[in-house]
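*Asks:* Following the hints, position chain R against chain H.
Residue strings, one per chain:
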Amino acid sequence: MLLEVKNLKTEFSTKRGVVTAVNNVSFGLDKGEILAIVGESGSGKSVTSLSIMGLLQKPGKVSNGEIVFKGEDLLKRSVSELQKIRGDQISMIFQEPMTSLNPVYRVKTQLLESINIHTNLSKEDALKKVVESLRLVGIPSPEKRMDNYPHQMSGGMRQRVMIAMALSCHPEILIADEPTTALDVTIQAQILDLLYDLRQKLGMAVLLITHDLGVVAEAADRVAVMYCGRIVEEAMVKDLFSTPRHPYTIGLLQSIPKLNEDRERLYMIKGMVPDPLKMPKGCSFSDRCEHCMEKCKEKIPSLMQVENQRVRCFLYGDGVEEE
Amino acid sequence: MSSKPLLQIRNLQKYFVVERNFFGKPTAILKAVDDVSFDIHKGEAFGLVGESGCGKSTIGKMIVDIYSPTSGSIIFDGKDLASLNKAERRKYCKDIQLIFQDPYASLNPRMTVGEIISEPIRINKLLPSNEIENRVSYLLNCVGLASNYRNRYAHEFSGGQRQRIGIARALALNPTFIVCDEPVSALDVSVQAQVVNLLDDLKKEFSLTYLFIAHGLNVIKHISDRVGVMYLGKMMEIANKKELYQNPLNPYTQALMSAIPNIDLSVKKERIRLEGDVPSPINPPKGCRFCTRCFKVFEGCDVEQPPLAEEKAGHYVACRLFNK
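Protein chains in written order, with the working numbering: chain H, 1 to 323; chain R, 1 to 324.
Isolated chain H, as found in the complex (with noise of 0.2 Å):
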């Protein structure tokens, strides 16, 4: 295992009382490998890796759980400990590639920013790094384009420009937050490409966070299905698609409209996602759940094993959550 999360809290305090975003989330990321985590917005799943980067912003805190990355705990690390591994064995990219390059300064000069911190190279050895990444991600004639304001380039250049910042010192580990997101769907699929490709020829592993279930089921080998902080399903892909067993699984890949069948009606779960400040003592899908028990108001299952996948629904056993 690369990195294990072991059962991971961060909680933020508010003036109303503390949001659990997190919630004994419990994850491992082999080599080489595209794990996503998929959840709709405020189930946790930014703030996961954001975690895991140690970039959580005040009143966010991480009050439980380990993140072990190659044996050691990153939650003991330092911040100047933290510096030197971040943009080095783990880098990140952002959903927006509009607002996180900085629109003053050339993209050569934000890409050696990170290889100047991270390696001892030469003037001249750093800008053929920056020639090298840009030609990695797929930059046409490299040599001119690093010498561009990131306004001087679409959005799927700049995103591209994002990825080539994070692969510029050969991560270990990529986290993607949603690079896709604001994409439109011809370059979307594009960059899914050169993330799998990349993949392959670096052998990296990659986090992969997304809401969009047709991300998942084009680029990851394996899948977290996250609900208000907690992980509620977990499979490899082909498992996920073929028998989802999360009632909450089931229902999200009901509820997208379908491009092979014709249906009158969409497919809706019930109600919305609950207040975080005021969660349902058990089960936190209990009522939105078409299959809700007199149990799951009371108690929190816990994260079983079914045949090849992971689930937490009461359907499937009989676990209990301990708190």
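Worth flagging that the hints you see were computed from the coordinates, not collected in a lab. Note that the coordinates shown come from a computational prediction; the quantities given were computed from them, not determined experimentally. Hints may be right or wrong, so weigh each one.
[Said to hold, decoys possible] In silico EDC-like links for lysine to aspartate or glutamate, alpha-carbon gap of 20 Å or less:
1. H:Lys84 / H:Glu172
2. R:Lys242 / H:Glu264
3. H:Lys299 / H:Asp287
4. H:Lys278 / R:Glu156
5. R:Lys203 / H:Glu264
6. H:Lys144 / R:Asp277
7. H:Lys258 / R:Asp264
8. R:Lys242 / H:Glu261
9. H:Lys238 / R:Asp264
10. H:Lys15 / R:Glu156
11. H:Lys270 / R:Asp277
12. R:Lys204 / H:Asp262
13. R:Lys241 / H:Asp262
14. H:Lys258 / R:Glu156
15. H:Lys258 / R:Asp225
16. H:Lys258 / R:Glu182
17. R:Lys242 / H:Asp262
18. H:Lys258 / R:Asp302
19. R:Lys241 / H:Glu261
20. R:Lys204 / H:Glu264
21. H:Lys238 / R:Glu270
22. H:Lys270 / R:Asp200
[Stated by the list, open to error] Quick list of simulated restraints, FRET-style, between CB atoms:
23. R:Lys286 / H:Tyr149: 26 to 36 Å
24. R:Tyr138 / H:Lys270: 20 to 30 Å
25. R:Leu127 / H:Tyr105: 53 to 63 Å
26. R:Ile123 / H:Asp262: 33 to 43 Å
27. H:Lys144 / R:Arg273: 20 to 30 Å
Ideal placement from N, C-alpha and C gives every residue a C-beta, glycine not left out.
*Replies:* Structure of chain R alone, referenced to chain H:
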């Protein structure tokens, strides 16, 4: 659908001047919508789909009279929008309403939900003030919200609920035609389904006609009867939805369809991968707009934009592979 079209768009153009020289002469012109024509029949949902910058929202804004067209005409119910006088234009604006994309930005944070929904009624003096409250309650119930939500402010609601409020506001004037500009793209999947179903129900209940603008092909397919595909200000293909999705003719439509991530892993399809980015609409390619990225491009494609012509009954396509 044999009836007379409710809305006719004829050779519609919208140019934006991006740059002027010292003497005020335009030096760069962005052709957002370039010579687009189509009809929408009564009771129909017409889907307009395309990538960002293709001009689909600009068409929507011209129909609701936010932008005025550079040339071409919008004929609603037999009357040309450009020829209307002030009073007729008011009536027109009452008949055509708009639902916005971003439910967070389109509701005034300083107004209560009741004020937001009743504002169009008050401005148009549609009802005496003592009846407004009942009307607001009725509209809230129509979109599936409790009528006592009237006194709350927009920030107290989730994205899906806000979009419902926006829909209630659009319904307030009893419109016959609603332009839905990406109404579900800012919403989560489970909420998206709720709003799509709601729009479907309202269409039947109030016998509405929709122009449904979206970039998500699967949502468009669910809600529309006919679909138009746009690229860089041009209409590339128009067809009945069944026909379009089973038998897309224009190479751009084919590429667009194959780029949608598929959640059904049992269906393995051949991918068409487009190279490069959408060219800038300020300096679009000569000839067919799609010729720089087209995988079926052949000699002569870069000379002239092919016109939209009928290939089969009701299936129009603008591509030199077909209309010769």
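*Asks:* Compare the structure with each hint and give your call.
*Replies:* Each hint, compared with the structure:
1. At most 20 Å may separate the alpha-carbon atoms for a hinted pair to count; lysine 84 of chain H and glutamate 172 of chain H meet this at roughly 13 Å.
2. Restraint check for lysine 242 of chain R and glutamate 264 of chain H: satisfied, since their Cα atoms lie roughly 14 Å apart, inside the 20 Å limit.
3. A C-alpha spacing of about 13 Å is found between lysine 299 of chain H and aspartate 287 of chain H, which places the hinted pair at or below 20 Å, so the restraint holds.
4. With a C-alpha separation of about 15 Å, the suggested pairing of lysine 278 of chain H with glutamate 156 of chain R holds against the 20 Å cut-off.
5. For the hint linking lysine 203 of chain R to glutamate 264 of chain H, the alpha-carbon distance of about 13 Å falls within 20 Å, and the restraint holds.
6. Using a Cα cut-off of 20 Å, the hinted pair lysine 144 of chain H and aspartate 277 of chain R holds, with the two alpha carbons roughly 17 Å apart.
7. The straight-line distance between the Cα atoms of lysine 258 of chain H and aspartate 264 of chain R is roughly 8 Å, inside the 20 Å bound, and the hint therefore holds.
8. As the CA atoms of lysine 242 of chain R and glutamate 261 of chain H are separated by approximately 10 Å, the hinted pair is consistent with the 20 Å bound.
9. Among the hinted pairs, lysine 238 of chain H with aspartate 264 of chain R is consistent with the structure: their alpha-carbon atoms are about 10 Å apart, no more than 20 Å.
10. The hinted pair formed by lysine 15 of chain H and glutamate 156 of chain R meets the criterion: a straight-line CA distance of about 17 Å does not exceed 20 Å.
11. A C-alpha spacing of about 39 Å is found between lysine 270 of chain H and aspartate 277 of chain R, which places the hinted pair above 20 Å, so the restraint is violated.
12. Only pairs whose Cα atoms come within 20 Å are accepted, and lysine 204 of chain R paired with aspartate 262 of chain H is accepted, the gap being roughly 18 Å.
13. With a C-alpha separation of about 11 Å, the suggested pair lysine 241 of chain R and aspartate 262 of chain H falls inside the 20 Å cut-off, and the hint holds.
14. A C-alpha spacing of about 33 Å is found between lysine 258 of chain H and glutamate 156 of chain R, which places the hinted pair above 20 Å, so the restraint is violated.
15. In summary, the hint linking lysine 258 of chain H to aspartate 225 of chain R is supported, as the alpha carbons are separated by about 16 Å, within the 20 Å threshold.
16. Taking the CA atoms of lysine 258 of chain H and glutamate 182 of chain R, the gap is near 18 Å; set against the 20 Å cutoff, the hint holds.
17. At roughly 9 Å between alpha-carbon atoms, lysine 242 of chain R and aspartate 262 of chain H fall within 20 Å of each other, so this suggested pair holds.
18. For the given pair, lysine 258 of chain H sits about 35 Å from aspartate 302 of chain R by alpha-carbon distance, which is inconsistent with the 20 Å threshold.
19. This hinted pair checks out: lysine 241 of chain R and glutamate 261 of chain H have alpha carbons roughly 12 Å apart, not beyond 20 Å.
20. Only pairs whose Cα atoms come within 20 Å are accepted, and lysine 204 of chain R paired with glutamate 264 of chain H is accepted, the gap being roughly 13 Å.
21. Between lysine 238 of chain H and glutamate 270 of chain R, the direct Cα distance comes to roughly 19 Å. Compliance with the 20 Å bound is thereby established for this hinted pair.
22. Under the criterion of a C-alpha separation no larger than 20 Å, the hint pairing lysine 270 of chain H with aspartate 200 of chain R is consistent with the structure, at around 17 Å.
23. In this structure the supplied range 26 to 36 Å holds for lysine 286 of chain R paired with tyrosine 149 of chain H, their Cβ-Cβ distance being about 28 Å.
24. Tyrosine 138 of chain R and lysine 270 of chain H have their C-beta atoms about 23 Å apart, which keeps the hinted 20 to 30 Å range intact.
25. Leucine 127 of chain R and tyrosine 105 of chain H have their C-beta atoms about 57 Å apart, which keeps the hinted 53 to 63 Å range intact.
26. In this structure the hint that isoleucine 123 of chain R and aspartate 262 of chain H lie 33 to 43 Å apart at CB holds, the actual value being about 41 Å.
27. A hinted range of 20 to 30 Å for the beta carbons of lysine 144 of chain H and arginine 273 of chain R is consistent with their spacing of about 24 Å.
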